[in-house]
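Please construct the entire structure, taking both the sequences and the accompanying hints into account.
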Amino acid sequence: MLYPKPIGRSAAARKYDLLTAMGAFALSQDKSRQRLILRLMTLITARYNWSRDELAVGQREIARLWAIQERTVKREMARLRGMGWLVVKRQGARGRVTEYGLDIERVLDDTRPAWAAVGPDFELRLDGRESAAVVPLPVRGLVAPPELGDGKEWSLAQAVLHAEDPAVYGAWLRALVRGERAGGRLTLTAPSRFHAAYVQTHFIPRLLAACQSVDDSVAQVAVVA
Numbered sequence: 103m104l105y106p107k108p109i110g111r112s113a114a115a116r117k118y119d120l121l122t123a124m125g126a127f128a129l130s131q132d133k134s135r136q137r138l139i140l141r142l143m144t145l146i147t148a149r150y151n152w153s154r155d156e157l158a159v160g161q162r163e164i165a166r167l168w169a170i171q172e173r174t175v176k177r178e179m180a181r182l183r184g185m186g187w188l189v190v191k192r193q194g195a196r197g198r199v200t201e202y203g204l205d206i207e208r209v210l211d212d213t214r215p216a217w218a219a220v221g222p223d224f225e226l227r228l229d230g231r232e233s234a235a236v237v238p239l240p241v242r243g244l245v246a247p248p249e250l251g252d253g254k255e256w257s258l259a260q261a262v263l264h265a266e267d268p269a270v271y272g273a274w275l276r277a278l279v280r281g282e283r284a285g286g287r288l289t290l291t292a293p294s295r296f297h298a299a300y301v302q303t304h305f306i307p308r309l310l311a312a313c314q315s316v317d318d319s320v321a322q323v324a325v326v327a
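Residue numbering for the sequence shown follows my numbering, starting at 103 and increasing by one per position.
It is possible that part of the hints are untrue.
Stated by the list, open to error - Mimicking SDA-like on lysine to any residue, the simulated pairs with C-alpha atoms at most 25 Å apart in a straight line are:
(1) K133 - Y118
(2) K117 - W152
(3) K254 - R308
(4) K254 - E282
(5) K191 - R208
(6) K254 - S319
(7) K176 - Q131
(8) K117 - T147
(9) K176 - L226
It should be emphasised that the hints constitute simulated quantities derived from the structure, not laboratory data.
Please read all numbers here as calculations on a predicted model, not as lab measurements.
Here it is in structure tokens:
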């Protein structure tokens, strides 16, 4: 498996996926391993340069971030190197800190057992099989605006979503059908389990914002198959 480098378009999603995999895996481990991985995740979030695959931070700064002593930093960094998650790219010398890289492929291989706990869409995405499972047809020309005849919140929200992004609307949101409305909870039905999982993962904030823009009593949107 060759995981795309988390830069450029969709980089944010890939970064979140990687951190999610690490977090889910950590939660399945003992307390010592949990603490180690949490420390690495914090260091990555604070100081890792994704575009250059570079982590160049002094032990004193790491100790301050992790709220531990420097000798403990040495031990923890050695453990991370032993796991293969961190790789020394340039050894530190006088006046220069050691530069590390992140072996993303090794991280993903090690965390694979925990992917199922996140969800089937997550497994498909990290396995590189997402595109094989569902390939949305390209939108040719303009997607026709939705009908507003029934005047219900979902019909009105569809018009908002279409106006914001016709391509995304045509590929993922047009197929959603209004289901039950129980108080502030609106349920939408997707044509497949994968479609539902993908929309639930990637578009719920957008769906909720669109629904609330036409009906402020909508507090939650759920997508099911």
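Now for the hints, and whether the structure bears them out:
no.: 1; hint: K133 - Y118; result: holds, 23 Å
no.: 2; hint: K117 - W152; result: holds, 9 Å
no.: 3; hint: K254 - R308; result: holds, 18 Å
no.: 4; hint: K254 - E282; result: holds, 12 Å
no.: 5; hint: K191 - R208; result: holds, 16 Å
no.: 6; hint: K254 - S319; result: holds, 13 Å
no.: 7; hint: K176 - Q131; result: holds, 22 Å
no.: 8; hint: K117 - T147; result: holds, 9 Å
no.: 9; hint: K176 - L226; result: violated, 37 Å
Violated hint: 9 only; the structure is consistent with all others.
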